[in-house]
Structures are given as C-alpha cells and as structure tokens.
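Below are the chains, spelled out letter by letter.
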Amino acid sequence: MVKLNEPVARPGPVARDNLLRTPWIRALSALLFVFLLGLIFNADGAFFQWGTHRDMLRQISVIGILACGMTLVIITAGIDLGVGSVLGLNAVLFALLCLRLGWPPLLAAGACLLVGVSCGALAGSVIARFNMQPFIATLATMVFARGLAKSISGGEKVSRAVLQPDGSYGYVDLPQFFQRIDYRVFGGNLAVVTLIFLACIVICWVLLAKLRWGRYLYAVGANEEAARLSGVPTRLVKLLAYGLSGAFAAVAGICQAVQEQQGDPEAGATYELSAIAMVVIGGTSLTGGRGQIGFTLLGTLTIGYLEKILSINAVSEAGRLILTGIIIVVAVLLQRKNE
Amino acid sequence: MAPAMLLSMRHIGKSFSGIPVLQDVSLDLNPGEVHVLAGENGAGKTTLIKILAGVHRDYQGIMELEGRELRLHSPHDAAKEGISAIHQEMSLVGSLSAIDNIFLGRELTTRFSAGLLIDCARQRRRAAELCSMLGLDIDLRRPVDEHAISVRYRIEIAKALACSARILIMDEPTGALSGPEVDMLFEVISQLKQRGCAMVYITHRMEEIYRIGDRITVLRDGRRIGTALASGLPEAELIRWMIGREIATRFPTRRIETGRERLRVENFSVARPGAAPAQGARWLVQDVSFSVRAGEVLGLAGLQGSGNSALLAGLFGACPNAVTGKAFLDGRPFQVRGPRNSIQHRLAYLTNDRKASGLIHGMSIARNISLASLQAVSPWGVLREQAEMEMADRQMQSLAVRGAAPTQEVRILSGGNQQKVLLAKWIETRPAVLLLDEPTRGIDVGAKQEIYGLMQKWVAAGMAIVLIASELQELIGLADRILVMHRGRVSAVFSREEATREKILRAAMGDSWSN
Chain U
72 MVKLNEPVAR PGPVARDNLL RTPWIRALSA LLFVFLLGLI FNADGAFFQW
122 GTHRDMLRQI SVIGILACGM TLVIITAGID LGVGSVLGLN AVLFALLCLR
172 LGWPPLLAAG ACLLVGVSCG ALAGSVIARF NMQPFIATLA TMVFARGLAK
222 SISGGEKVSR AVLQPDGSYG YVDLPQFFQR IDYRVFGGNL AVVTLIFLAC
272 IVICWVLLAK LRWGRYLYAV GANEEAARLS GVPTRLVKLL AYGLSGAFAA
322 VAGICQAVQE QQGDPEAGAT YELSAIAMVV IGGTSLTGGR GQIGFTLLGT
372 LTIGYLEKIL SINAVSEAGR LILTGIIIVV AVLLQRKNE
Chain C
2 MAPAMLLSMR HIGKSFSGIP VLQDVSLDLN PGEVHVLAGE NGAGKTTLIK
52 ILAGVHRDYQ GIMELEGREL RLHSPHDAAK EGISAIHQEM SLVGSLSAID
102 NIFLGRELTT RFSAGLLIDC ARQRRRAAEL CSMLGLDIDL RRPVDEHAIS
152 VRYRIEIAKA LACSARILIM DEPTGALSGP EVDMLFEVIS QLKQRGCAMV
202 YITHRMEEIY RIGDRITVLR DGRRIGTALA SGLPEAELIR WMIGREIATR
252 FPTRRIETGR ERLRVENFSV ARPGAAPAQG ARWLVQDVSF SVRAGEVLGL
302 AGLQGSGNSA LLAGLFGACP NAVTGKAFLD GRPFQVRGPR NSIQHRLAYL
352 TNDRKASGLI HGMSIARNIS LASLQAVSPW GVLREQAEME MADRQMQSLA
402 VRGAAPTQEV RILSGGNQQK VLLAKWIETR PAVLLLDEPT RGIDVGAKQE
452 IYGLMQKWVA AGMAIVLIAS ELQELIGLAD RILVMHRGRV SAVFSREEAT
502 REKILRAAMG DSWSN
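So the protein sequences, as listed, match chains U and C.
Residue numbering for the first sequence follows our numbering, starting at 72 and increasing by one per position.
Residue numbering for the second sequence follows our numbering, starting at 2 and increasing by one per position.
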C-alpha cells in the first residue's frame with residue numbers, strides 16, 4: 072500500500088508567514104528595502120548627509136499632503152482624481168490673490184481652503200447624491216478645476232513679474248508669508264512644508280483613529296449598505312471625505328505656490344497618481360474599509376526615498392520612471408495577503 | 002446486495018495551520034443516492050466537500066472513484082472526473098446568458114477552428130436539452146441575472162450536467178428558495194437519482210433531510226459520528242448525533258404577558274423600486290395593517306417575494322421614499338424617514354443577509370457591535386475606546402458570543418456567533434421594537450436554540466418582536482400570532498394555537514379560505 076496517509080508538507084514555516092501578514096511590517100519592509108538600496112547606492116556618501124533626507128522630505132511634502140486626503144477617500148472605497156488639478160487651481164488662486172490683488176496672505180489662504188473644499192464637496196455630493204462612480208465624478212473635477220486654473224490665470228504663470236503699461240516688467244514684493252512657509256526650522260534642518268505635511272498626517276490620524284466620523288469612513292468603505300442600515304449618514308460621510316480631500320489639495324496648492332513663488336496653472340498634473348501610489352504602497356486597500364494614515368506616511372517616505380536615491384545616483388528621468396513603476400508593482404505585491 | 006460503490010472517501014483528515022478540522026472521516030456514495038451530510042456549523046462539512054470537489058489538495062486519506070484511486074488537483078480536475086459542486090454562492094456570471102454560463106470554460110467549438118470558434122448552434126441544442134430535462138422553460142439567451150434565484154440554481158445544475166457530472170455536491174441549495182421552488186428542485190433531484198447521479202446534500206433544514214435523504218452522515222467537531230439510513234434514524238436521534246445532547250423541547254415554552262401596544266401599522270404599502278405608477282405590480286406590500294404589543298412575538302409568514310421582507314425593510318426606512326401609510330410607535334405617530342431616524346425612535350432591524358447588509362467585514366467585533374450606537378461612546382464626536390470595549394464585553398457576555406476577543410475581526414467567528422454580534426449591535430440601541438428577518442438563517446442548531454432563548458428574554462423585558470422565519474416549524478414555535486402574506490397582502494392571521502404548517506402554507510400560497 073502506498074503511504075498516502077501522511078500529511079503533505081505545507082510550504083514555508085508558518086511563523087514567517089504570520090509575521091509578514093502584519094500590515095505594519097509589510098509597509099515597513101518596503102520602506103526598509105528602499106532605505107537599504109540607499110545605503111548601498113549611497114552616491115559617495117551623499118545618502119549619509121542629513122541634507123539629502125531633508126531635501127527628500129521637502130520634495131515629498133506637497134504630494135504627501137495630497138496623499139493624506141487621498142487616504143480618507145480611498146478608505147471609503149472611493150478615489151479622488153481631482154486633487155492634482157485642485158492643487159493647480161489653488162496655487163494660481165493664491166498667487167493671484169497675494170501677488171496681484173494684494174490680499175493679506177492669511178485671508179487668501181482661507182479663500183483657497185474654501186475653494187478647495189468646494190471642489191471636493193462638489194464631486195462628493197454628485198457621488199453621494201446620484202451614486203456616480205467616484206472615478207468618473209472626480210475625473211470631471213480633474214478636468215474642470217484645471218480649466219478653471221487656466222481661465223483665471225489666463226493660461227500664464229502668475230508670478231512676481233507684472234507687465235507694466237510701458238512694456239517692461241515690474242516686480243511685486245514677495246509677502247513675508249512666502250518666506251515663512253518656504254523656510255527651514257530647527258537650525259535649518261527641517262522645511263516648514265514638511266511640518267505642514269506632518270500636521271496633515273496628525274489631523275488625519277486624529278480623525279481616523281479617534282473621531283466618530285473617522286469610524287464612519289471605514290464603515291462606509293467596508294460595507295455601505297450595512298453602515299447605512301446601522302444609521303450611519305453615508306452621504307454626509309462621503310461628502311466629508313471628498314471635502315477634506317479638496318481642503319488638503321488646497322493646502323498643497325498654497326505650499327506649491329509658496330515654494331515656486333508663483334502660481335503655475337499646470338502645477339500638480341499627475342500628482343494625483345503619485346498620491347494614489349503612496350497610499351497603495353503603504354498598504355491601504357483600494358477596495359476600501361482598510362488602511363491607516365500611518366501606512367500612507369510610510370508609503371510617502373518609500374516613494375520619496377526611491378526618487379531621491381535614483382536622483383543622487385544621477386539616474387536619468389527615463390530610468391527613474393521605469394524603476395519607480397517596477398517598484399510600485401513589487402511593493403504592492405508584497406502588500407497582498409498570501410491567500 | 003448493494004450496488005457497486007461509486008465513490009469512497011476513507012480516513013480523510015485535514016488541518017488548517019496545525020488545527021485539525023477533519024479527523025479520520027469516511028464517506029461513501031452509491032449511484033443514485035442522496036447522501037445528506039449533517040452537522041452543526043464548524044463540524045467540518047464544508048471542508049469535506051471541498052476536498053471532494055478538488056478545492057483542498059493537501060489532505061490525509063484516500064479517495065476512490067469506482068475502485069480507482071483519485072487524487073484531485075483542482076475543481077477543474079474534479080469536473081473532469083464527473084464531480085461537480087454547486088455552492089451556496091453561485092458561480093454563474095450574471096451578465097452572460099444561460100448558454101454561455103453552461104459551457105463557460107469548456108465551450109463547444111467548431112471543427113477545424115483549432116478550438117477558437119464557438120459552435121453556437123451545438124451549444125444551443127445541448128443547453129436546450131439539459132434545460133428541458135430540468136424543467137426549465139426560459140429564454141436561454143437572456144443574461145442569467147434576469148432570472149429568479151431558483152431558475153439560476155437550475156442553470157447551475159445544468160452547467161454541472163453539461164460536463165456529465167455523476168456526483169453533485171449541493172451545499173444548502175434551498176437557502177434562498179421559496180416553498181414551490183423547493184418542490185421543483187426536489188423534483189429535479191429525483192430525476193437525477195434515476196439517472197444514477199449520486200448527490201451529497203448539505204442542509205440545516207430538518208424536513209428536507211427526511212424528505213429527500215437516502216442516507217445520512219453526521220459530522221461533529223471534525224469527526225464522523227455515524228452514517229445511517231434516513232428511515233432508520235429518528236429526528237431526536239439525529240439531533241443528538243449532531244449536538245451530542247438531547248434537546249427535549251426545541252422551542253422555549255412561555256406564558257406571554259403582553260403589555261401596551263408598541264407598534265401599530267395602518268394601510269402600510271411599499272412600492273416596488275423603479276416601478277412606474279401605472280404598472281400593475283407596483284406594490285411589494287399593499288395595505289397591510291397590524292399591531293404588536295410589548296412582550297409579544299408577531300410572526301410574518303410568506304413565501305419568497307410575498308412582501309414580508311419588504312414590509313420590515315420598509316418599516317425601518319431602508320427605502321423611505323417608497324412607503325405610504327401610517328405607523329405608530331408607543332402610540333405616537335411615526336414617520337418613516339430612514340434608518341437613522343428609525344434608530345432614534347427605538348426601532349431595530351436585522352436584515353436577512355448578514356454578509357451583504359449586516360456585518361462590516363474587516364472591522365472588529367467590538368466595532369460592529371458599537372456601530373449603531375456610536376454616539377453613546379463618543380461624546381463630542383471623540384471615540385472613547387475603553388467605553389466601547391466595555392460595551393462590547395457586556396454585550397458579548399449577555400449574548401454569549403464565543404470564540405474570539407472583541408478586538409478580533411468579526412469574520413473569524415462562526416455563523417451563529419456573527420449573528421449574535423449583529424443582534425448585540427441592535428440590542429445596544431435599546432430598541433422598543435425588534436424587526437428580525439430570518440435571525441437563524443444558516444446557523445447551527447445550538448446557536449439557534451440560544452437565539453430563541455434570547456428572543457424570549459427580550460420580549461420578557463418589554464420589547465416587541467416582528468419575526469420572519471422561513472422554517473415554518475420555527476415560526477410556529479416562536480410566534481404568538483402569525484400574519485401570513487401573499488403577493489404583498491395579508492392573506493391570513495393565526496393565533497399560536499390555531500397555526501399549523503399546512504394552514505400557513507395554504508394561506509401563503511394564496512388560498513384565502515381562512516378569511
């Protein structure tokens with residue numbers, strides 16, 4: 072008799088599987104992998120300089136702010152393709168208000184936030200009220216807001232240079248607000264935009280982990296019908312998610328305008344895709360109901376380090392794009408449950 | 002004397018990450034028999050049939066098909082050997098036609114086309130043959146999701162037969178079917194028996210076991226308790242095998258002390274979603290009136306599509322724009338506005354589909370329990386996790402939710418415990434009226450018993466319950482009064498003493514002799 076009663080060995084020890092299954096470990100492992108790459112390809116020690124890390128953080132902050140809002144939306148099982156355009160719109164608007172109309176910067180920032188929230192809420196209300204697919208509704212915002220940005224800027228960058236009646240260019244003074252934001256603190260070791268990014272992370276964390284409405288975001292993303300029948304105001308929850316995503320896009324737009332010292336109507340194009348990549352690499356599931364803002368922080372750092380390492384090693388842009396694409400796929404494959 | 006054995010599974014064992022779920026289980030099948038696999042949830046039934054269907058590949062023991070040793074590597078493999086599983090979640094592609102579904106993955110192709118060109122005519126003929134054998138008179142070219150569930154189930158059987166299945170595995174096939182549809186299915190089963198098909202049949206319904214089962218194998222805790230001819234195993238003995246202890250009375254006896262009126266409904270109607278006002282079948286529920294008192298269980302009987310489920314959903318406000326009529330809660334007029342409003346008015350509603358509209362999968366047990374009463378643990382909108390845990394602990398204790406800690410995900414629980422979590426969610430909202438649609442669907446005998454007990458406890462505490470249960474014995478055992486619905490209207494009302502299964506069924510099928 073053939074011995075068939077013996078159990079067939081299961082591949083791989085169970086313990087290692089379980090460790091890999093903790094989402095935090097998986098999110099961290101992608102970051103550590105990229106970090107390790109940095110240690111190896113350190114570009115003659117450039118990777119060991121704090122300045123490299125500081126610059127990486129500064130460069131990643133604007134998109135990272137978008138990723139915060141994106142996380143909220145993705146947790147509700149949605150997607151927001153409009154954030155890049157809303158960023159562009161607000162960069163232009165902020166530059167216009169501050170540099171051309173001479174508004175006090177804080178007031179201008181408030182106006183931008185209002186516009187950002189409105190853009191998000193507009194998409195959110197269409198999604199919530201008419202059950203439109205988020206992909207389509209926010210695709211519309213993406214086109215619409217970009218058009219608005221081009222229309223209010225006349226298709227040109229809104230910069231300090233103002234055309235005088237005599238044909239020459241005069242320069243407006245940059246409000247102090249610009250310098251304050253585009254500045255480094257802690258002995259020049261950290262950019263202010265990075266602090267703003269971290270503040271956004273904290274805000275999202277408080278919402279998702281500590282507030283009732285954060286819980287509602289998860290519930291709507293995981294099972295909308297069950298949530299609705301449990302008394303969760305599902306429409307308002309979606310409105311909140313997209314509204315906040317718009318608000319974060321406005322903050323990012325202001326930061327972008329400040330850093331560039333101008334409002335570029337083309338600013339932020341394809342940023343929405345980077346933001347989605349950051350969220351997904353962190354391990355927040357596109358199917359909704361799962362994920363954390365901490366994952367997004369890790370995902371943002373992963374992409375940030377990756378790009379920084381490639382750039383300090385003088386990899387051409389073409390090569391950078393190709394490698395980034397590959398790494399995204401690998402990282403997301405790592406995230407997947409082995410089931 | 003016995004015919005040659007078709008299939009034999011011997012000493013089957015299976016573990017998941019070190020935990021044995023099946024130990025030394027044997028099962029054999031004769032041609033043309035219906036072999037009922039019985040046991041509580043978690044007894045190992047599903048695992049066993051998954052091994053038979055080629056889903057699980059690594060197991061201990063031997064399978065033999067007609068004396069030939071069998072090692073299956075995939076469900077596709079199993080299909081090639083003539084073994085087909087028809088699962089609870091149907092595997093049809095809704096947007097494809099019946100023909101396309103029946104031949105999906107093994108399309109009949111024309112000659113000389115290298116398997117690329119589908120031979121539509123041949124497929125249509127073959128599909129028509131199969132369907133007429135199953136008594137299906139439908140347009141085979143329409144997308145299958147336009148058909149009723151019972152029709153879809155038969156399409157699924159046709160799909161299995163198309164690859165000349167000799168062994169059919171049916172996992173709770175009647176779960177979503179109404180009475181006449183069940184009869185039709187059983188008709189099909191007896192035809193299949195005559196053709197020599199063997200069937201492994203899993204069900205939680207006692208009456209079905211005896212109606213169609215030839216032999217019964219009972220599993221408990223991953224072991225085989227015994228196999229017997231259905232005619233030689235009385236119900237009490239079967240239950241004892243399943244749960245390992247004798248249950249004297251299946252339903253708690255009690256004396257109702259009804260109090261004041263909790264809910265009154267007058268001329269309540271629910272419109273069919275999307276129906277134009279002029280259409281004939283515009284109403285799911287039409288002009289229904291009833292009242293329930295504190296301490297009372299009102300049963301709502303009715304076959305699939307009779308409107309009893311729509312009535313509960315409509316009352317709770319699942320579709321507030323579709324309802325008309327008056328409702329009164331504790332004597333005060335109640336306007337149906339939506340779930341949130343209903344919860345505030347102390348109405349609770351357990352849907353009949355815990356997966357789709359009940360549980361929030363991916364959330365912990367505690368978070369599922371607190372969802373409908375989150376305000377209570379989040380003053381000023383700030384969640385207080387400790388208060389939430391206390392809430393969960395308290396509810397899990399009082400409803401005896403077992404098998405997991407409150408922080409664990411709800412999906413690891415067994416069906417019965419998941420149902421208790423949902424009930425806990427609603428009890429936490431301190432409802433005055435509980436609307437329960439199939440609270441014991443798909444859960445094991447032990448858990449059913451516990452839920453019956455809980456319901457008694459709640460009505461004793463002054464709640465009123467409106468209950469739907471498709472198992473009539475259960476409805477008669479639990480309800481103080483039974484309202485029977487047929488095509489959206491009330492066709493009969495019975496007191497507990499008057500109610501019999503025959504009377505209810507006749508009223509549910511539209512026989513209004515009792516009025």
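Among these hints, one or two may not hold up.
[To be verified] Distance ranges between label pairs, derived from CB positions:
id: 1; chain 1: U; residue 1: Q204; chain 2: C; residue 2: D354; range: 37 to 47 Å
id: 2; chain 1: U; residue 1: S222; chain 2: C; residue 2: N322; range: 33 to 43 Å
id: 3; chain 1: C; residue 1: V383; chain 2: U; residue 2: D244; range: 39 to 49 Å
None of these hints come from the bench; they were simulated from the model.
Note that beta-carbon positions come from the ideal geometry of N, C-alpha and C, so glycine has one too.
Hint check results:
no. : hint                           : verdict
1   : U:Q204 with C:D354: 37 to 47 Å : 24 Å, violated
2   : U:S222 with C:N322: 33 to 43 Å : 39 Å, holds
3   : C:V383 with U:D244: 39 to 49 Å : 44 Å, holds
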